Amino acid sequence: MSLRHYLHDLIVPALKSCTAYDNDPIQFDIPQQITHGDFSTNIALLLAKKAKTNPRALAQSIVDALALDTAVLQKVEIAGPGFINFFFKPEFLGESILAVLQDGSFFGKSEKHKGERANVEFVSANPTGPLTVGHGRNSVFGDTVASLLEAVGYDVDREYYFNNAGRQMRVLGDSTRLRYLQLLGQTVEFPETYYQGGYISEIAQTLVDEFGSTLTEEPAEGKFKDQAEKQIFDDIKRTLKRLGIEHKNFFNENSLYEEGKIKGLLEHFKTEGLSYEKDGAVWLKLSELGNDHDRVIVKSTGEPTYRLPDIAYHVTKFERGYDLIVDIFGSDHKDAYPDVIAALKSLGYPVDKIQVLIHQFVTIIMNGEVVKMSTRKANYVTLDELVDEVGTDVTRYFFNMRSISSHMNFDLDLAKKQSDENPVFYLQYAHARICSIIRVTQEAGLQAESEDLHLLVSPEEQALIKKILLFPDIVLQSAESFETHKITGYLQELAEAFHKFYTFCRILGTEQKLAQARLSLALACKTVIRNGLSLLGVSAPDKM
RNA sequence: GCCCCCGUAGCUCAGUGGAUAGAGCAUCGGCCUCCGAAGCCGUGUGCGCAGGUUCGACUCCUGCCGGGGGCACCA
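The first sequence runs 1 to 544 under the numbering used here.
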């Protein structure tokens, strides 16, 4: 049980005894000043209005009603306008480290959402070219959100939605065909609007190697498209695997047509009076569902627009029984989802189970200039190239350390040149340092013992202990708010607390009982760093 | 014109309506006969502007200014 839970359970009976408390959330802050206690709550300030009394008086009656255990809490005081500040007993905090050592790799996880199933859809790039640095943010963030959800008990399916039909893919096939013909020595014009990337020629070369010149009459949508799709998809999966990302499901949009989902949906909209025909196209009456404009769902050519399969796709997510449906999009997709959600709502689905997470774009800076990226124009930096330059750990850490609502600058030159100064090394160094301490102290015949953890009362020890005990709260908050950067921020603070502990609290040369307790604390810290980095998909090396 | 995101230290960014707004990098200055100096300690007159909401606003609301993205019978 985290310290916050302890305080919550302590204060609720007191609140009920002296206010009209009806399960409002109770906030426990960690004050910036240590003189304001380990935790602080503003509950008296919030409830004073309802109770028609002044906050300090209410705080006093709450404190008077607390069933205090003096072995756990040293002091509870009222401060300022009516804050209630809690001071834990240092010896109790020291002994709490035992739970971390016992839980090991489970520490930080919980079973709050056990029995619930979640679908996290991310990447979902169509197989028209290699993943770019821009896809990196989506990929890494999505995978980490999935890991966080698993850590709080969800059964998570990672899913990749793709479309291997339509105009984009026809152009891809024809681009490959033209490169093939060029490789055979024919002079053909290669349109500017076609895929310009060098990978197209590589695919064409494999066709030359395998089939020679026998494909000159082959249609673009035959072998050319198939081969391009296969090679590109293999490439995408290989890139993702380098980042430790593996999807359980690859959902092909085409299966929605094959299984009649599209047709059924169209008929449903028609019979419900939610669609109509105009100018030879079928429109969805989104204006009646609370959105601004009606939208075309079937073009006058008879081809559906992306909205129709997107709706059908989300219907399958509900049909597959997920309790939580997470969609991770770049900001260019933000105009699409309100239409999809409105349509799903009209179909009677509980759309509050859907969480749409939109990340802002990554701005790539190369040679001091902003690079505008386009797969078609091939002026991108691939995700593979980024991993080549800075490695998996730095890539994953970097994309996770910023809030997704912020635009992100990615200075490639800086990332390459100063990778030694990347914050991820600060954490890994702390971990490697602890591993080294364990090696050296073992050689000196010292073992970690949990008998005397109450001896850990110095400021540096207490600061580190409090950080460590906070980890389960951070994991839960990060998971439920879908914010991976809370983990990276926390780990920075944890590593800082450790490095200070290391500097001021020596183990070797200290009285044996205290030395054993300190070694236990170092071990607990190692456990949390490792667990935290593991959530992020970053390695925790024993040596660097 | 409409919609979304952003504006916090020289730079990159944190900051669930709480008490004296933080970190990393950069600058300058200290600390290794002692468990890893990839570390520690010190060093800074910063919340775009103007109103409003309230006990309290970087945080919520309105307007303005500035930057990014999106507004197709493309996906």
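The hints are simulated quantities; they were obtained by calculation from the structure and are not laboratory data.
Owing to the predicted nature of the structure, the values given are computational and were not obtained by experimental measurement.
Wrong hints could be hidden among the right ones.
Keeping only pairs whose Cα atoms sit at most 20 Å apart, straight-line, the calculated EDC-like set for lysine to aspartate or glutamate is [as the list claims (entries may be wrong)]:
1) LYS334 with GLU319
2) LYS75 with ASP103
3) LYS345 with GLU319
4) LYS109 with ASP155
5) LYS345 with GLU449
6) LYS237 with GLU202
7) LYS513 with ASP411
8) LYS278 with ASP294
Quiz prompt | Straight-line alpha-carbon gap LYS345 to GLU449, limit 20 Å | solution = Between LYS345 and GLU449 the Cα gap is close to 58 Å, so the pair fails against 20 Å, i.e. violated.
Quiz prompt | Hinted pair LYS278 and ASP294, Cα distance within 20 Å | solution = At roughly 11 Å apart (the allowed maximum being 20 Å), ASP294 and LYS278 satisfy the hint.
Quiz item: Do the alpha carbons of LYS237 and GLU202 lie within 20 Å of each other, as the hint requires?
Solution: Distance of about 18 Å is within 20 Å: holds.
Quiz item: Are the Cα positions of LYS334 and GLU319 separated by 20 Å at most?
Solution: 24 Å, violated
Quiz item: Does LYS513 pair with ASP411 here, judged by a C-alpha cut-off of 20 Å?
Solution: Violated, because 49 Å separates the two Cα atoms, which is more than 20 Å.
Quiz item: Given the proposed pairing of LYS75 with ASP103, does the C-alpha separation stay at or below 20 Å?
Solution: Violated, at roughly 29 Å.
Quiz prompt | Satisfaction of hint between GLU319 and LYS345, Cα-Cα up to 20 Å | solution = Holds, at about 14 Å.
Quiz prompt | Distance restraint between LYS109 and ASP155, which requires alpha-carbon spacing of 20 Å or less | solution = Holds, at roughly 13 Å.
In summary, the structure is inconsistent with hints 1, 2, 5, 7 from the numbered list given earlier, while agreeing with the others.
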